[in-house]
Amino acid sequence: MTQNTTPQPSAPSVIPSEQVREQAILPWKIAIRITLRGLKIRLGRSLITMSGVVLGIAFLMSVLTSEGLKSGLADESRTNTEVLRLFKLVEGELGSIPNHKIAVLVSRPITGRHRIRLMEKLASQADDGAICMYWTQPDTLTPATETAPGQTPFPPGKKFRFISDFQELCRDAHLLVLFDEEMPLLSTDTLAASLKLMAQPVVLDYYYGRYDLSGLQTIDPRIQYASLSYQMSPEEIVRAEKLNARNRARRIWITVISMLVTVIGIANAMLMSVTERIREIGTMKCLGALSGFVVKLFLIESFLLGVVGAVLGTAIGFLVPFVAYLLSAGTQMVVSSAPFGHIAIAGVQSAIAGTVLAIIAAIYPAIVAAKMVPADALRTNV
Amino acid sequence: MPDTATALTDQEKRDVLHFTQKQEHRRVVARAQAVKKLYRMGKIEVHALRGVDLTVFAGEFLAIMGPSGSGKSTFFNMIGGLDKPSSGKVFIDEVDIAQLDAFELAWLRCRKIGYIFQSFNLIPVMTCLENVMLPMTFAGVTHEEAFERACEILRTVGLGHRLTHKPPQMSGGQQQRIAVARALANRPAIVLADEPTANLDMKTGADIIDLLVRLTKHMGVTVISATHDMKMLSMCNRVVWIRDGTCDRIEERKNIKIQVGEMTSATEGAHSH
Numbered sequence: 103m104t105q106n107t108t109p110q111p112s113a114p115s116v117i118p119s120e121q122v123r124e125q126a127i128l129p130w131k132i133a134i135r136i137t138l139r140g141l142k143i144r145l146g147r148s149l150i151t152m153s154g155v156v157l158g159i160a161f162l163m164s165v166l167t168s169e170g171l172k173s174g175l176a177d178e179s180r181t182n183t184e185v186l187r188l189f190k191l192v193e194g195e196l197g198s199i200p201n202h203k204i205a206v207l208v209s210r211p212i213t214g215r216h217r218i219r220l221m222e223k224l225a226s227q228a229d230d231g232a233i234c235m236y237w238t239q240p241d242t243l244t245p246a247t248e249t250a251p252g253q254t255p256f257p258p259g260k261k262f263r264f265i266s267d268f269q270e271l272c273r274d275a276h277l278l279v280l281f282d283e284e285m286p287l288l289s290t291d292t293l294a295a296s297l298k299l300m301a302q303p304v305v306l307d308y309y310y311g312r313y314d315l316s317g318l319q320t321i322d323p324r325i326q327y328a329s330l331s332y333q334m335s336p337e338e339i340v341r342a343e344k345l346n347a348r349n350r351a352r353r354i355w356i357t358v359i360s361m362l363v364t365v366i367g368i369a370n371a372m373l374m375s376v377t378e379r380i381r382e383i384g385t386m387k388c389l390g391a392l393s394g395f396v397v398k399l400f401l402i403e404s405f406l407l408g409v410v411g412a413v414l415g416t417a418i419g420f421l422v423p424f425v426a427y428l429l430s431a432g433t434q435m436v437v438s439s440a441p442f443g444h445i446a447i448a449g450v451q452s453a454i455a456g457t458v459l460a461i462i463a464a465i466y467p468a469i470v471a472a473k474m475v476p477a478d479a480l481r482t483n484v
Numbered sequence: 083m084p085d086t087a088t089a090l091t092d093q094e095k096r097d098v099l100h101f102t103q104k105q106e107h108r109r110v111v112a113r114a115q116a117v118k119k120l121y122r123m124g125k126i127e128v129h130a131l132r133g134v135d136l137t138v139f140a141g142e143f144l145a146i147m148g149p150s151g152s153g154k155s156t157f158f159n160m161i162g163g164l165d166k167p168s169s170g171k172v173f174i175d176e177v178d179i180a181q182l183d184a185f186e187l188a189w190l191r192c193r194k195i196g197y198i199f200q201s202f203n204l205i206p207v208m209t210c211l212e213n214v215m216l217p218m219t220f221a222g223v224t225h226e227e228a229f230e231r232a233c234e235i236l237r238t239v240g241l242g243h244r245l246t247h248k249p250p251q252m253s254g255g256q257q258q259r260i261a262v263a264r265a266l267a268n269r270p271a272i273v274l275a276d277e278p279t280a281n282l283d284m285k286t287g288a289d290i291i292d293l294l295v296r297l298t299k300h301m302g303v304t305v306i307s308a309t310h311d312m313k314m315l316s317m318c319n320r321v322v323w324i325r326d327g328t329c330d331r332i333e334e335r336k337n338i339k340i341q342v343g344e345m346t347s348a349t350e351g352a353h354s355h
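Residue numbers (the working numbering), protein chains in the order written: chain A, 103 to 484; chain B, 83 to 355.
Worth flagging that the hints you see were computed from the coordinates, not collected in a lab. Accuracy of the hints is not assured; some may be wrong.
Unchecked claim - To give a feel for the contact side, a few chain B residues facing chain A, derived at Cβ under 10 angstroms: (1) N159; (2) A221; (3) G222; (4) L245.
Built from N, CA and C at the ideal position, the CB exists for glycine as well.
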């Protein structure tokens, strides 16, 4: 008898129990090494499995992206129509934008598609320095005399002047734009007094009724007043709500279907890649692998395939519809309207979903196979 | 036998006989005690084993014979710790394997038992060398040492020149040599060979048997083999006949007459083909 590695004890129990636990658990390092080598060796098969994940996630992501881009474009064109309506109104009153002083009351950096588009349009046509701003910083409520770095209420600063006195701001102005979202900065009386100083009191209101401007009209009959909050008739509201509901239902339906397609596609790819290796798992167990180690191998493998596949899928799923929209709707239009924030969130979500799904779909059969007695696993034919 | 690397010398053949004669005084390495196995296939119950008793001694070469469906493979799996009996006990090195937890069972399979299968069961994507290194990796052997040892064993089985080839590129005989090398990688006490020659032609099968006998005898390893192969029978010390899930009888090899691949003895109806 030659037993070189393990000394043969004469006592009945041959299994050194402390040693067993120490040595049976293989470290992650070795598991990762084995997995990477396995992935490299079966590169072709791994790529096919991964392409299942890539396609699934790319499909989901492209649906989400094109939905986002489409609604962004719809918003943009609706906004443009609205801004154009207001602009026509202003032009109708003033004749033209150049040669007129424009006063803007603003309490915080201008956000929102409507406001930004309107300001862009005004800035593009007004004379240099013709747009004056009365800007109170929201924390101090003190009017700014000049813009503090990084605190500009509106990005392109070239054409703006800052005036710290509201009456001074309104003096000889032709158009007053009210962006006061935080709180009414001025009393109605001050507003009324200031409006009287204007050369031609045309007021665009973003207050949504915080000031009673209809009352002001009785003070000065010259006042032309328009609100950006488009007032819809009750029938229009009902129709819009119905349309909204239909669109939302359609969007949910498409998202759910594409999610299902993704889930089934990925689960199928991963399931196949594991079940065809059940005999291999049985063999490994015969060679002394613990179930935990086999599961560990598949966990690492499916994680790697899942992450790479999901990220790749997300990138493809974003780029394809994005480029398609760029070509069909025009770069300027798409870039300015795309809800990149939402698309980014959808991207992160689908990448995570893809990874998790890939892991679950691979780990479940791996656990089942690893728990089988080796005899059954070896008998399995796929 | 033209292949001198694998053929048995007369001395080795005498040694085999010597083991046979001395086996009564040897240590018991595996023991089956009233082992029963019941498979449920839907509503039908299949009694694969109806109570088998067997004692295997250290260093002997034991053949398990029996027609297909006799429960031979099932019994083989039981004694190798690959399956659990429905009732009865299996002891390996006097340890009841039913009492072992997953860790201990893995330890046992890893270091005490080497497996050789009919269909080789190599990991197809791993090279010859990696296949042999795998059980050593599981045993916690360092990469360098495993590499050295695997090379050495593969040279011994005559595959020193094909270390980086993958199993599918190799012939059945060569694949089974890898399997033999893998089974012996951790220097086990028992080698279980499940019809190791069934997928091979006569000549290759004979080579594998010679190799197996030569290596295991050299290392003092006990071999338990399920087989139909007459060549295998001629090499073994004892033959266990399994029939209808029971142990029909156990015979010393010297009591069986084997003539040119045919069997003429009191063993009626044991051949299944």
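Structure-based check of all given hints:
no. : hint : result
1   : N159 : holds, 4 angstroms
2   : A221 : holds, 7 angstroms
3   : G222 : holds, 4 angstroms
4   : L245 : violated, 15 angstroms
The structure fails to meet hint 4 from the earlier list, while all remaining hints are met.
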